[in-house]
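Enquirer: Here is what each chain is made of, one letter per residue.
Number of protein chains: 2
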Amino acid sequence: PDQAAVAAVRARDAQLTKPPGALGRLEEIVEWLAAWQGAPAPAIARPLVAVYAGNHGVAAQGVSAFPASVTAQMVQNFTSGGAAINQICKAHDIGLKVYELALERPTFDFTQGPAMDEREAAATFAYGFEAIEGGIDLLAPGEMGIGNTTSAAAIYAALFGGPASRWTGRGTGVDDAGLARKNAAIDAALALHARHLSDPLEIMRRLGGREIAAMMGAITAARLNRVPVVLDGFVVCAAAALLHAIAPDAIGHCIAGHVSAEGAHAEVLATLGKKPLLDLGMRLGEGSGAGLAIALIKTALACHRDMATFESAGVSGKSA
Amino acid sequence: PDQAAVAAVRARDAQLTKPPGALGRLEEIVEWLAAWQGAPAPAIARPLVAVYAGNHGVAAQGVSAFPASVTAQMVQNFTSGGAAINQICKAHDIGLKVYELALERPTFDFTQGPAMDEREAAATFAYGFEAIEGGIDLLAPGEMGIGNTTSAAAIYAALFGGPASRWTGRGTGVDDAGLARKNAAIDAALALHARHLSDPLEIMRRLGGREIAAMMGAITAARLNRVPVVLDGFVVCAAAALLHAIAPDAIGHCIAGHVSAEGAHAEVLATLGKKPLLDLGMRLGEGSGAGLAIALIKTALACHRDMATFESAGVSGKSA
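Chains A and B supply the protein sequences, listed in that same order. In terms of the numbering used here, the first sequence opens at residue 1249 and continues consecutively. In terms of the numbering used here, the second sequence opens at residue 1249 and continues consecutively.
What the hints contain is simulated information worked out from the structure, not anything from laboratory work. Take these hints with a grain of salt, some might be off.
Copies of the same chain look alike in the list, so a pair counts if it works inside one copy or between any two.
[As the list claims (entries may be wrong)] The calculated lysine to aspartate or glutamate pairs, modelled on DMTMM-like cross-linking and capped at a C-alpha distance of 20 Å, are:
no., residue 1, residue 2
1, K1338, D1497
2, K1566, D1424
3, K1345, D1554
4, K1546, D1341
5, K1338, D1357
6, K1566, E1378
7, K1522, D1435
8, K1546, D1261
Being a predicted model, the structure only gives us computed values, none of them experimental.
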């Protein structure tokens, strides 16, 4: 983080026509942008929501309320402009890219073996680097993948301790029997892979999905290219938690866009030391919570950039 | 509230390409708009932030960190486009009007007598009706007035019980000595006016300010004209709390845009039965928190209006 840039932001903020601190977290947001863009006058001209879509072998265990065919159908919906994230990006002038990750070939069912082999896991991580191409200045990774809250919950259980039920929720709306199957699948996977869960990259490969591997790459590439990252919900934060387990500093450039209604997302954010900007009971994925947060972030920046100063506006400062 | 309109919104929502309930409070927002606009397909084409500026006799008691001259200077700043609320409204295509309420003639110091006489209180309340002229479809009243968190805290103490310190905060950033003066002024006013505080309109007249009276009128006019209202922070909610004390239903059309960092705003909202959309540690007034909330509200409506349905997008529904 660029502390000189943060100091420049604070110096300007103190001159703006408002009581010190009165914009609350909007002020903190601008400092965060400055710190990680390395810019005393941070800018958001090309924000991007990058949605990664993957299919999951574990979906065959009946862990989701929707059939696995929905992943590809929703990718089509993103392309046609019909999903929630399309409306959010359109409303706030945010770029949207969709990365389809071999949907016709789901990952291996992790209750039976590793979800990905080593070569595929590494290649998918590296594929995530593409997100930062084209000169973007703010990134929100998003995801779509029937079964992926099962994968995310398995990752949390592996990282932070089980049982599965500590981390699972109803995802897209699974019923009691489905939730029981979800917990059973995760607990079986934790037992099967037990001897390999001390290494976060092995957790990613064994219990993750392609979208989670790619998002880890995207978040990492953003860090290396001074692009601040807005975290979305339960599944995106599994990628962040894996990076955090490798090195806490690896997600220093990430802000939590929102806290999801899904399962243990609030606990995950607390563990990662991230205080969410929004708490709207959302649990959709697609980068939707992060996209809404970008609307706030852009507004915070507009206030900082365009407000008058006490001097320019002829407004008196605090009484002596 | 129009329950048929709410039912129409729910019926469409169930067809949109997302799991039921996955957009959380964004779904609730659209239902609220439909209920109070009386429209099965609610719209926000002309949202308005209406900022009321007033000066307060009690400012002479040294209750604020800023001199009273700042009220008029900030009105000039609103007019020139330099304040935070200007940037927020510009970013999200929200109309902004500023109503200056006889700034050269502050209300009477309520530690010495009623802030307003009966005629002025009634006229100012009625003046608030103008906010809804011009066919607006969403209203956020905002305010500016050095000393007005003292007035708001006095109103809460009168409505919900004292002492002053239960309701006061540092406003624009008053120091310990100033906070002590603020508490002393309110406690003195509560004693002076004690025999007249059972009637909310008398509380408004004796302890309120012109901006609070005008906002009560604006909120009331909105209700009568099917215009939903977004509440801002600590001072705006004093107007709402007075209306609520007259009849709880009088603020049924209001949603809480945010919870302020000021004093007891969270407790006020809980008492009014309003759950805030945003919690960003803001304490600026001007309608700034409500303005940001309007950005979310507009996005919620865009999702509801423009998302594809399962049928139109060819997306499978929940598994049987």
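Enquirer: Since the copies are identical, ignore which copy is meant and state whether K1566 and E1378 lie within 20 Å (CA to CA) inside a copy, between copies, both or neither.
Expert: neither (49 Å within a copy, 33 Å between copies)
Enquirer: Go through the copies and call it for K1566 and D1424: within, between, both or neither, with a Cα cutoff of 20 Å.
Expert: between (59 Å within a copy, 14 Å between copies)
Enquirer: At 20 Å max between alpha carbons, let me know whether K1345 reaches D1554 within a copy, between copies, both or neither.
Expert: between (30 Å within a copy, 19 Å between copies)
Enquirer: At 20 Å max between alpha carbons, let me know whether K1338 reaches D1497 within a copy, between copies, both or neither.
Expert: neither (32 Å within a copy, 36 Å between copies)
Enquirer: Measure nothing new, just compare the shortest in-copy and cross-copy C-alpha distances for K1546 and D1341 to 20 Å and report within, between, both or neither.
Expert: both (10 Å within a copy, 14 Å between copies)
Enquirer: Can you tell me if K1338 and D1357 fall within 20 Å by alpha carbon in one copy, between copies, both or neither?
Expert: neither (36 Å within a copy, 50 Å between copies)
Enquirer: Between copies, within a copy, both or neither: which fits K1546 and D1261 at Cα up to 20 Å?
Expert: within (16 Å within a copy, 28 Å between copies)
Enquirer: Since the copies are identical, ignore which copy is meant and state whether K1522 and D1435 lie within 20 Å (CA to CA) inside a copy, between copies, both or neither.
Expert: Result: close neither inside a copy nor across copies, 27 Å intra and 41 Å inter.
In this structure, the hints that do not hold are numbers 1, 5, 6 and 7, in rising order.
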